[in-house]
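Enquirer: Here is what each chain is made of, one letter per residue.
There are 2 protein chains.
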Amino acid sequence: MTSVDNRKFVLASRPTGAPTEDNFDFKTEQLPEIKDGELLLRTIYLSLDPYMRGRMNDAESYAEPVNIGEIMVGATVCQVEQSKNDKFAVGDWVLAYTGWQEYAISNGKELMPLGNDPSRPSYALGVMGMPGFTAYMGLLDIGEPKEGETVVVAAATGPVGATVGQIAKIKGCKVVGIAGGTEKCQHAVEKLGFDACIDHKADNFEEQLKEACTDGIDVYYENVGGKVFDAVLPLLNISARIPLCGLVSQYNATSLPDGPDRMFALMGHILTKRIKMQGFIIFDDYGHRYDEFAKDMQQWLNEGKVHYKEHMIDGFENTVTAFNDMLNGKNFGKTVVKVNNPL
Amino acid sequence: MTSVDNRKFVLASRPTGAPTEDNFDFKTEQLPEIKDGELLLRTIYLSLDPYMRGRMNDAESYAEPVNIGEIMVGATVCQVEQSKNDKFAVGDWVLAYTGWQEYAISNGKELMPLGNDPSRPSYALGVMGMPGFTAYMGLLDIGEPKEGETVVVAAATGPVGATVGQIAKIKGCKVVGIAGGTEKCQHAVEKLGFDACIDHKADNFEEQLKEACTDGIDVYYENVGGKVFDAVLPLLNISARIPLCGLVSQYNATSLPDGPDRMFALMGHILTKRIKMQGFIIFDDYGHRYDEFAKDMQQWLNEGKVHYKEHMIDGFENTVTAFNDMLNGKNFGKTVVKVNNPL
Numbered sequence: 019m020t021s022v023d024n025r026k027f028v029l030a031s032r033p034t035g036a037p038t039e040d041n042f043d044f045k046t047e048q049l050p051e052i053k054d055g056e057l058l059l060r061t062i063y064l065s066l067d068p069y070m071r072g073r074m075n076d077a078e079s080y081a082e083p084v085n086i087g088e089i090m091v092g093a094t095v096c097q098v099e100q101s102k103n104d105k106f107a108v109g110d111w112v113l114a115y116t117g118w119q120e121y122a123i124s125n126g127k128e129l130m131p132l133g134n135d136p137s138r139p140s141y142a143l144g145v146m147g148m149p150g151f152t153a154y155m156g157l158l159d160i161g162e163p164k165e166g167e168t169v170v171v172a173a174a175t176g177p178v179g180a181t182v183g184q185i186a187k188i189k190g191c192k193v194v195g196i197a198g199g200t201e202k203c204q205h206a207v208e209k210l211g212f213d214a215c216i217d218h219k220a221d222n223f224e225e226q227l228k229e230a231c232t233d234g235i236d237v238y239y240e241n242v243g244g245k246v247f248d249a250v251l252p253l254l255n256i257s258a259r260i261p262l263c264g265l266v267s268q269y270n271a272t273s274l275p276d277g278p279d280r281m282f283a284l285m286g287h288i289l290t291k292r293i294k295m296q297g298f299i300i301f302d303d304y305g306h307r308y309d310e311f312a313k314d315m316q317q318w319l320n321e322g323k324v325h326y327k328e329h330m331i332d333g334f335e336n337t338v339t340a341f342n343d344m345l346n347g348k349n350f351g352k353t354v355v356k357v358n359n360p361l
Numbered sequence: 019m020t021s022v023d024n025r026k027f028v029l030a031s032r033p034t035g036a037p038t039e040d041n042f043d044f045k046t047e048q049l050p051e052i053k054d055g056e057l058l059l060r061t062i063y064l065s066l067d068p069y070m071r072g073r074m075n076d077a078e079s080y081a082e083p084v085n086i087g088e089i090m091v092g093a094t095v096c097q098v099e100q101s102k103n104d105k106f107a108v109g110d111w112v113l114a115y116t117g118w119q120e121y122a123i124s125n126g127k128e129l130m131p132l133g134n135d136p137s138r139p140s141y142a143l144g145v146m147g148m149p150g151f152t153a154y155m156g157l158l159d160i161g162e163p164k165e166g167e168t169v170v171v172a173a174a175t176g177p178v179g180a181t182v183g184q185i186a187k188i189k190g191c192k193v194v195g196i197a198g199g200t201e202k203c204q205h206a207v208e209k210l211g212f213d214a215c216i217d218h219k220a221d222n223f224e225e226q227l228k229e230a231c232t233d234g235i236d237v238y239y240e241n242v243g244g245k246v247f248d249a250v251l252p253l254l255n256i257s258a259r260i261p262l263c264g265l266v267s268q269y270n271a272t273s274l275p276d277g278p279d280r281m282f283a284l285m286g287h288i289l290t291k292r293i294k295m296q297g298f299i300i301f302d303d304y305g306h307r308y309d310e311f312a313k314d315m316q317q318w319l320n321e322g323k324v325h326y327k328e329h330m331i332d333g334f335e336n337t338v339t340a341f342n343d344m345l346n347g348k349n350f351g352k353t354v355v356k357v358n359n360p361l
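First to last, the sequence lines map onto chains V and X.
So in this note's numbering the end of the first sequence lands on 361, straight run, no missing numbers.
So in this note's numbering the end of the second sequence lands on 361, straight run, no missing numbers.
Just so you know, the hints here were simulated from the structure itself, not pulled from any lab data.
Source: prediction; values computed, not measured.
Mixed in with the good hints, there may be bad ones.
No distinction is drawn between identical chains; accordingly, a pair holds when it is met within one copy or between any pair of copies.
20 Å max Cα-Cα, derived EDC-like pairs, lysine to aspartate or glutamate [claimed, not checked]: (1) Lys291 <-> Glu82; (2) Lys105 <-> Glu51; (3) Lys105 <-> Asp54; (4) Lys291 <-> Asp302; (5) Lys164 <-> Asp302; (6) Lys327 <-> Asp213; (7) Lys245 <-> Asp279; (8) Lys291 <-> Asp303; (9) Lys164 <-> Asp303; (10) Lys187 <-> Glu162.
Only chain V is shown next, with the shape it has when bound in the complex (with noise of 0.2 Å):
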């Protein structure tokens, strides 16, 4: 066995706003040989979320942040390019969290076996990972829709938002989404049959969201916050439900709004309508309803009763620019980076 060289990002600094280039250094390293017990992996796709831009702040997340010089996490599906572990063999595909890099050293542990021959691997990404699990739980366990209410949710073409809305319509809700441009708004009401989809990048944006909203909103999933935040607040039912998955509007943010303060014009909000608004980070609140999840999410998928569009990025150099790209809501669909061709 030989060993290889490993191009990876690590974080250089941490952004003020927007991240650029610079908080990234490129870096090469040669990695050793494997030892007995070990794997290396070839990252061939690397997913690239919101939450990341979390973590890259030195301040309280979801998690621990990166430390400076550290490798940016992320999640990956690699394939097995050496293995000195009889559990793997060299082929197979896995589930992993190497983040931002071209080949890692495994020991085997934390790894989710995808098989040797998957249809479609990148889909442990998306639909069948963690996003498609945020989606599942965080509709149906914290969101409650019952048949014929009104659930909302914004980034309707994301693999969050746009799966929240087809669970949504499988349980016999009215979808109203949300996205930036004609597009994407054509995207969820022809290919994922949502009721509605309002541009927010239009004028009159709040009046079209009140306008296809003829009942309220019931359920509205977060996960973007600001201006569409704001416009939906008002349209809210008595006893709406809000699970709080993402605020990607903010990651950016350099210091609190200007005034007036509406913390507690929000609890009042909450009190007289009696909402219930609850934050979850899927693997921490529902990691053990994994299979539940996966097994009506496959099912769907054969059914083609949900739909899943990727957003490809060819070339691993294009990282940096594909993760602002989907900060911004340039993506349409699934922010993946192919990082190396399969064996």
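Got chain V; can you put chain X on it based on the hints?
Expert: This is chain X only, laid out in the frame that chain V set:
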């Protein structure tokens, strides 16, 4: 039978900030003689509660606002003084919702009979009534306290806060109260059995609260908002629960506070700490579970596990002052106005 003169407080104008005497008209009217099927109710006890402040505004709140010229709403414990209704005899006690007046004519509907010789009739306005029920369901159903967890509640000697803390103690929690002044704090610890009670008027209130909550806060029962919430927020643990039944510190606010705008910062906390915040209105959300509460609470009172303190105001003409004192935390226990002597 003879007609009676009835004195009552009607809403004269909507307050800007704290209510004043000018916002009320103190009127006398002669009631007509009762007809067949009717009762003349003699108000013995009038309950004064924070939610009434919301009803004085012409804005969306828990319920419809009181109209100008209409009687101020409120729960009362009355005795039947005259009866032309077979279901009620003279001298019977009832829980009613007849508002700020000395007498009322009722058709006998929407009254809860309390028997003809209740031991503590005014308790139906407090620990055995709306405030006690609010404490019970909010803490147990939304707060879901587990043995050994830390529960924090403000207005710790008020009818809701005192009950929340004592139920939490019954459930094996550590309980930290917040109240205004050393006398109230002493009462919460010595009489109600709280583990600690912090004076929010103390200069180093935030520091004291932090020291008392050595393991953070798992359940914050919110009924005040304002600077108490500001101090609680950084101490909340992962997966904390916030039942939200009131924001009394905000009820007299005439405009939103100055910035910065912390609305999305609050949502950021809810997200990263996976907090559940849920508003509720007791009879709308939990009316069907009243019996469950009444059974438990009666038992706890009988066993001496729950203590209850009333702040009894003598004289109906003192109602407005007593109401403002309650909004400003000058009451010590449940505010009840003794309107008439019992028959």
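Enquirer: Now tell me if each hint is right for this structure.
Expert: The hints, checked one at a time:
With identical chains, the CA atoms of Lys291 and Glu82 are at most 20 Å apart between copies only, with a shortest distance of 13 Å across copies and 35 Å within one. Taking CA atoms no more than 20 Å apart as the test, Lys105 paired with Glu51 passes inside one copy only; the shortest distance there is 19 Å, against 91 Å between copies. Taking the closest pair of Cα atoms, Lys105 and Asp54 come within 20 Å of each other only inside a single copy of the chain (12 Å); across copies the shortest separation is 88 Å, beyond that limit. Taking CA atoms no more than 20 Å apart as the test, Lys291 paired with Asp302 passes between copies only; the shortest distance there is 11 Å, against 29 Å inside one copy.
Proximity of Lys164 and Asp302 under a CA criterion of 20 Å is satisfied inter-copy only: 19 Å between copies versus 26 Å inside one chain copy. In this assembly of identical chains, the alpha carbons of Lys327 and Asp213 lie at most 20 Å apart only when taken from the same copy (19 Å versus 55 Å across copies). Proximity of Lys245 to Asp279 under the C-alpha cut-off of 20 Å is found in both arrangements, the shortest distances being 15 Å within a copy and 13 Å between copies. Taking the shortest Cα distances, Lys291 and Asp303 sit within 20 Å of each other only across copies (11 Å), while inside one copy they are farther apart (26 Å).
For the homomeric pair Lys164 and Asp303, the shortest alpha-carbon distance between copies (17 Å) is at most 20 Å, but the shortest distance inside one copy (22 Å) is not. In this homomeric assembly, Lys187 and Glu162 come within 20 Å of each other (Cα to Cα) only inside a single copy, at 13 Å, whereas the closest approach across copies is 32 Å.
Checked against the numbered hints above, the structure violates none of them.
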